[in-house]
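One letter stands for each residue in the lines below.
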Amino acid sequence: MNENKHQNRIYLKDAGELDPRDDAELKRHLRDCPDCRTLTAELAALHRATDIATPESRLPQSSLDIILNEARRAQKNSGISHFTRGRKRPFWGIPLAAAAAAALLLSVRALLWVPANRPEFANKPIAAVDPDGWLESFGQELDAMDLWMAGLQTEFESRDELDGLATELLALEGEQS
Amino acid sequence: MDAQERAWLAQYRAGDVEALAHLVERYRRPLFGFIHNMTEGRGDPEGIFQETWIRAIQKLPDFRDDNLMGWLYRTARNLVIDQFRKNRFRAEMPVSDDERESNWVERIADAQPGPDRTVAGRELGVRIRQALSQLPREQREVFLMRMQGDVPFREIASIQRVSLNTALGRMHYAVRRLRDLLKDEYSVWTGNES
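These protein sequence lines map, in sequence, to chains A and B. Note that my numbering has the first sequence beginning at 1, numbered continuously upward. Note that my numbering has the second sequence beginning at 1001, numbered continuously upward.
I should point out that these hints are in silico values taken from the structure, not numbers from a laboratory. Check before you lean on any hint, since a few could be wrong.
Here are the simulated BS3-like cross-link-like pairs (lysine-lysine), alpha carbons at most 27 Å apart as the crow flies [unchecked claim]:
id, chain 1, residue 1, chain 2, residue 2
1, A, K27, A, K13
2, B, K1086, B, K1059
3, A, K76, B, K1059
4, A, K13, B, K1183
5, A, K5, A, K27
6, A, K5, B, K1183
Some but not every residue of chain A turned toward chain B, in silico, with C-beta under 7 Å [to be verified]:
id, residue
7, Y11
8, A15
9, L18
10, D19
11, H47
12, Q61
13, S62
14, R72
15, D146
16, L169
Just so we're clear, the structure is a prediction, and the values are computed from it rather than from any experiment. Don't be surprised by glycine CBs; every beta carbon is placed ideally from N, CA and C.
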C-alpha cells in the first residue's frame, strides 16, 4: 500500500504534478528504496523509447491544405475575425426599428385626430383651451417627428446609420424593460 | 501551452490562418503518433488527424483552456474509438494476430522511420511498437498520452472518466507489462545488465 503511494508519486513527479511537500518526502524515500530508484530510471528510459517508437511521418501537404482551407472557411463564415464574432449588429433590427417608429407616430396621430365635425372648443382661440401652451409645444414635437421620419425614408439606403439607430433603439428598449 | 503556442493561437483568432499551420506542425508528431499507435496503423489515421483539427477549428474561437494538447488527445481518442466501433464487424476478418501485427509494424517501419534512422534504431522502434500494441487499450492510452503527448495525469483521468488513482494504476500496469515485454532492452536502459 505504502509502495503504491510512492509509485504514484514517482509518476506524478514525472508529469510535473507532484505537490512540493510530497516531493520532499519522495526524495527522502528514494534514498532508501532501490526499487523506486529503478522505476524512476525506467520512466526516463521509457520517455526515450516512446520517442523512438513514435512514427516520424511527415504530414502530407494535402492534409495540411485541407485543415487550413477549413480554417479559412470557418473564419470567413464567422466574420472578419473570431474576436468580432457575436458582436455583429443584427440586420433584422432595421425593419424592426422602422416599424416601431411608424407605429409610435400612428398611435400619436390617432390620439390627436380631429373629426370633420369639429367640437365647440375647436372654434375657441387656442389660448382659451390651452392656457399653458402644452398643445402648442406638443404640436412642435410632432412636427419634429415628421421631419425625422422623412429623413429616415430618404436615408434608408444608408444601412450602417440605420443599423446603428436600430441598435440604439433596441438598447433603449432593453434598458426600459 | 507555452508562450509561443499562445501567441499562435491569438494570431489565429485575429484572423491569421497561417498561425494555425504552426500549431498543427507543433503538435503533429505526438498527436499523429498517438493516433497511429492507438489504431495500430489500421483504418485511417490520417483522416482522424484531419478530423481532430477540423473539430479544433470549430472549438478554437471559444477555447479558454490552457491545455490544447490535452483537448486534441481527447478528441483524437474519441475519434479512434468511433472508428473502431464502426469497423468492428469489418475487422473480424480471418487474419492471424501475427500476420496483423507484422503488417502493421512493416507499414510503419517502411513508410515512417523514427527519428533514429539507423537500422538499430528502427528495429528498436519496431520492438517498442510491438510491445505497446500488446497493452490493453486503456493502459496504452494512458501510457501514450503521458509519454508521447505529455498530457498531465489529471487531464488523462478526466479524458478516460476515471479517478486519478485509476489513471495512475493503469500507467503502472503498462510500465510493468512493458518491463516484461522489453526485458532485453530494459536491462540496457536501466543499467541492470545481468
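Against chain B, with CB atoms and a cut of 7 Å, does the hint on A:A15 hold up?
holds (5 Å)
Compare the distance between the alpha carbons of A:K5 and B:K1183 with 27 Å, and conclude whether the hinted pair is satisfied.
holds (25 Å)
Just to be careful: measuring from the Cβ of A:Y11 to every Cβ in chain B, is the smallest value less than 7 Å?
Holds. Min distance 5 Å.
Holds or violated: A:K27 with A:K13, Cα cutoff 27 Å?
holds (10 Å)
Given A:D146 as an interface hint, is the shortest Cβ-Cβ distance to chain B below 7 Å?
violated (45 Å)
Would you mind confirming whether the straight-line C-alpha gap from A:K13 to B:K1183 stays at or under 27 Å?
holds (25 Å)
Satisfaction of the A:R72 interface hint, Cβ to chain B closer than 7 Å
Interface hint status for A:R72: holds (5 Å vs cutoff 7 Å).
Report holds or violated for the interface hint on A:L18, using the least CB-CB distance to chain B and a cut-off of 7 Å.
violated (10 Å)
Mind checking the alpha carbons of A:K5 and A:K27 for me, to see if they're no more than 27 Å apart?
Holds, because 13 Å separates the two Cα atoms, which is no more than 27 Å.
Per the CB criterion, is A:H47 less than 7 Å away from chain B?
holds (6 Å)
Can the restraint linking A:K76 and B:K1059 be considered satisfied, given a maximum Cα separation of 27 Å?
holds (15 Å)
Does A:S62 pass the interface check with chain B, least Cβ-Cβ distance below 7 Å?
Check failed: Cβ of A:S62 comes no nearer than 9 Å to chain B, outside 7 Å.
Consistency note: the structure conflicts with the earlier hints numbered 9, 10, 12, 13, 15 and 16.
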